[in-house]
Each structure stands twice: as structure tokens, then as C-alpha cells.
Amino acid sequence: NAGVTQTPKFQVLKTGQSMTLQCAQDMNHEYMSWYRQDPGMGLRLIHYSVGAGITDQGEVPNGYNVSRSTTEDFPLRLLSAAPSQTSVYFCASSPVNYGYTFGSGTRLTVV
Amino acid sequence: AQRVTQPEKLLSVFKGAPVELKCNYSYSGSPELFWYVQYSRQRLQLLLRHISRESIKGFTADLNKGETSFHLKKPFAQEEDSAMYYCAPSPAIPTFGRGTSLIVHP
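In order, the protein sequence lines correspond to chains A and B.
According to my numbering, the first sequence holds residues 1 to 111 in order.
According to my numbering, the second sequence holds residues 1 to 106 in order.
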């Protein structure tokens, strides 16, 4: 098992550009979530999904879109990048009633 | 809905001292609670689940329904325990606490 795979590991964007952060898991987990981690702010939930075809907003959803067309994949789209979206992004997956397995993160810089 | 609160941003102790990282929760049903650890520049890892009542790396956590707490404890801290620690409810409600940075001084 590869676990939770996030790509890319590093990315630099210009303000206004769009991009998709990829997240894939091969553990057949129902739950998947996206977080951003900023210094002093902990881990903030962006969007989450409890199964294929079902997504919901978290604490900081503005400027981000997600979709869950398959159990395995949960991409995060930045619609029009802003410097405030400079952060480390983590994807995580979990089966029901167990804890999350996290990806290794994507470090995004918006200039 | 379940929510967790970690009241301390930073906890600083010396090697060999006891450690207690606080987590308080509010819930509308039976709580499911977890502790995660993140070492410097690494991904988060699951440390403990409340239902398993296990000890991992010397850490334990007991669910106290009277105080609505799930504090993480270790009797003798080690330098390698320095990390960020997050308390979190069930993955069905995936909002984490803000985290506590534990620094263990030699």
C-alpha cells in the first residue's frame, strides 16, 4: 500500500493562477479531508468528504473547490491563487471509526 | 456536534519531567477522540485512539466524561517527544484542535 499520496510536494504559483493539488489513497477509505497548516494556526479544515460523490465545506473553504468522483481520489482546486493561500496543505483519509492517515503535504507559495 | 479545544499553544518541560497535554471536548453523543503527533517537518501520525486504551511511546490518554477531557500524559518526557500534538474527534467530524507544541529541554 502506498497510503495517501499527495502531488506535487512543492509548488510556486503567481497570483491569479489556478492549479489542482492531487490526493490519492489506495486503502479504500471512506473519509477524506483537506487541511492547511499555517504557523500558529494549527490545522484548519478546508473541505472534506464522507464518501464518493459527497463533499462538504470545512472551516476555511473560500477560494478552494473539491470533488470526489471516486473513492480513491480527492483533488483540491485553487481557483485563483492569492498570497493568503501560501501554506502547507495536507490530505488525509480514514476508514469509518478509525483515525486519519495523512499525506506528506504540499508546500505552496503564491507570489 | 463534537468539538475539541486545546487550551495550551506551547508546553515547555525538561527531560524526565511529567507531561500533560490538555484536550477538552464538547459532544452531542458518544465521543470518539484521537491524538496525533507531528514531528518537525513531517506528516501527522495517529498516536492514540480513546477506544483502544493503549500506550504508545509511553503516552496514555484517558477519556474523562465528567470533565469532558481527553488529556495526553507521559510520566517522563524525552527530548524526542518534542513535536506538535493535535487532539481530534471522529473522522466524520474532521475538525482538529489548534495543537500544542511540546518542547522538551535537555
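Calculated from the structure, these hints are not laboratory results.
Mixed in with the good hints, there may be bad ones.
To be verified - Once the Cα atoms are required to be at most 20 Å apart in a straight line, the calculated SDA-like pairs of lysine to any residue come out as:
| no. | chain 1 | residue 1 | chain 2 | residue 2 |
| --- | --- | --- | --- | --- |
| 1 | A | K9 | B | Y39 |
| 2 | B | K22 | B | S55 |
| 3 | B | K22 | A | M41 |
| 4 | B | K9 | A | L45 |
| 5 | B | K73 | B | Q45 |
| 6 | A | K9 | B | Q45 |
| 7 | B | K57 | B | T5 |
Since we're looking at a predicted model, the values are computed, not measured.
Kindly indicate which numbered hints from before are broken by the structure, ordering the numbers from low to high.
-> 7
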